[in-house]
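Participant: Chain by chain, the residues:
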Amino acid sequence: MNETLFRRIKDLPSTHLLGTGVPTCAGCGGLQALHQIYDVLGEKTVFVNAAGCMTLLSVYPFTPFRGSWLYTAMAAAPAGAQGIRDALDIQLKKGQITTDDDLQAIVLTGDGAAYGMGMSATSSAIERGLDFVYICYDNEGYGNTGQQYSEATPHAARTSTSKGPQGYPGYKKDLFSIWAAHKPSYVATVIGAEPLDLARKIEKAKEKQGPRLILALSPCPTGWDYDPKESADVGHLAVRTGIWPLKEYEDGKVVHTKVPRKRLPVEEYLKRQGRFSHLFEPMRNEEILTGIQERVDAYWAEIEG
Amino acid sequence: MTRKLLTGNGAAAWGARLAVVDYIPAFPITPQTEIIENLENWIDNEQMPARMVTLESEHSMITAAGAAAATGVRVFSATSSQGLLYAMEMLYTVAGWRAPFVLVNVSRGLSAPITLEPDHNDIMAARDSGFLQIHCADCQEVLDSVLIAYRLGEDERVRLPVIVNLDGFYLSFTREPVEIPDPQAVAHFLPPYDPENIRFRASTPISQAVAVLGGTPYSYFRYESHLAAQKALEVYDEITAEFAEEFGRPREALESYRTEDAEYLFFQIGSFATKAREAVDRLRESGWAIGLLRPRLFRPLPEKHIRQALAGKKGVAVIDQNLAAGRGGVLYSELASVLFGHANMPGILTSFIGGLGGRDISTEEYFEMAMVTRQAVTDGEAPSPRLLYTETELREVQKLQAIANMERIELGAKP
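Protein chains in written order, with our numbering: chain E, 23 to 327; chain Z, 1355 to 1769.
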């Protein structure tokens, strides 16, 4: 697809569809991405939600969504989307509703559901070719319960369940590749700090059919421990240091949509966040810092050939 | 109307077919599989217009069922045992959505130890989920109950999902002659589903199942579900009166068998109640004034009907095919709470646990239960709950243990 409505920043919508006054934390990178995503997807949507931070967007009797919403449970949102999609298809076929009344089923979950508990439901929804969009706001931990580590937590990060000097011993699971291995219609990584790249990807996802999955890195001032006003900076640095590659999968190929020309050292990103402060103070943990940098370098060496 | 030899599973599938369901989220589990195999076969051969999707788990299956019901189509699903428990989070959840559909549960014992054979611990675990429950004693009742369940759940005064329960093996795989009603007659009794405002539409956005903050709105919505479930009793009576008129089969909330002049009663649910009926006949032949009460409707429990039927009776033998570990029989506790504090109720309830994991309950055991109950009435004191088990059975298990021990020793383990 070459045609895009979003060629430069000023092509992006200047007003947001999603209402204000929601109870997310100040500087929430997930909400930033969701605003931009909703502007493109629009209100002919039903958001099928799993337990997470965003569950609190719709608290009776209020909702910021102009379209519809169904809260399911932590592991089951893709199955909820399946039931709604199938029911709408049945009603369309029987002439009980017109295409004007049709809706796009949008799954909205955090990384806790996407990387762990909900993965089986997601895998089988993709396998069945379900016509839906999956949005994961990935803040790299069980944020809503106080940022315990999840399968999306990066190596060495301090979380409320990895407070030791080494931080989290595991490595962030490669969900993009896991999703892409199912050969769905579309997979993309995005971040709210790169709105043009995000808008083009959501636009592309919107026009496709079948399973389309969006993984949005969501800088989280509360969980990552930085000043809320720095969310956009932290997001930029995630891309410019190469630790969060912006890419998409379609037609069997992975394409990187924004390759940083000169990658900044990854510690530029790490040192802005309290969750990595133990790598710098009281003394630099050279071994871990080098290890993280080497993994980022190795990733890009493979991409750049 | 045609008559066919059908298994309980076959009858359940026919119920779904006659109800002209739109959507069937499925997942196979023994002993339920024949239900979904039949339905898929009919769909493939264009004998049934429904859409069927196999999910990757019962948790997802119930989510899809609830979500489709919340979008406004008629939904059917079926499961058993571990599947029902795997879906448990979603049973509670979708019941709160107040979107009606019918789930058939083919009862089977729970792990551990893992077994394929039937008892009621699975369905009792769903007791407080918000699903209504209808329990069947024969294959005809399975078909009839599926049709009644749709009328009940979809009624605007109720709007709750309904479980129709049948016993694995004893009903699921037993062939009985079943009357399959004419589709026109079914359509007259059960018209197409009108979901009214239960739907998702682009032109009328709606938020369903949203979070609440605080106990005040939470309690309100939970109480509403509870009151709707209670209301379902009078609705059930109305619907079954219509059903009896249309098809000639009364399907009362509480089956009373030879209770009129009875002094003693068996109290039991499900297919084993037919064994209790047989025992009642035999006991009456030898002069006993005894009968059987069998709730078809377990949620809501027809409390007033039960009290009416038990007024002036001497003693009740409650037979539970479930075991609440550390407590005893669920049905026994339920009945005790229905009777306590009301005048003229039987003074003695005896409690028996039996029929776990496919174990039979013999006619002789029914005789014994009757005698224990009569003795308790004479003594004025109920004995401790009894776990039905024979010396022969104990010897069988001891033999198995001896074999297991020999094997261990032969493999070099210390005795």
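Do not rely on the hints blindly, as some may be mistaken.
Stated by the list, open to error - These stretches of chain E come out as covered by chain Z in the derived footprint (C-beta under 8 Å, 3 or more residues): (1) 57-69; (2) 87-93; (3) 159-169; (4) 212-223.
Calculated from the structure, these hints are not laboratory results. Small disclaimer: the values here were computed from a predicted structure and weren't measured. Think of the CB as a built atom: it goes at the ideal place given N, C-alpha and C, for glycine as much as any other residue.
Participant: Which constraints among the numbered hints does this structure fail? Numbers only, ascending.
Facilitator: 3 and 4
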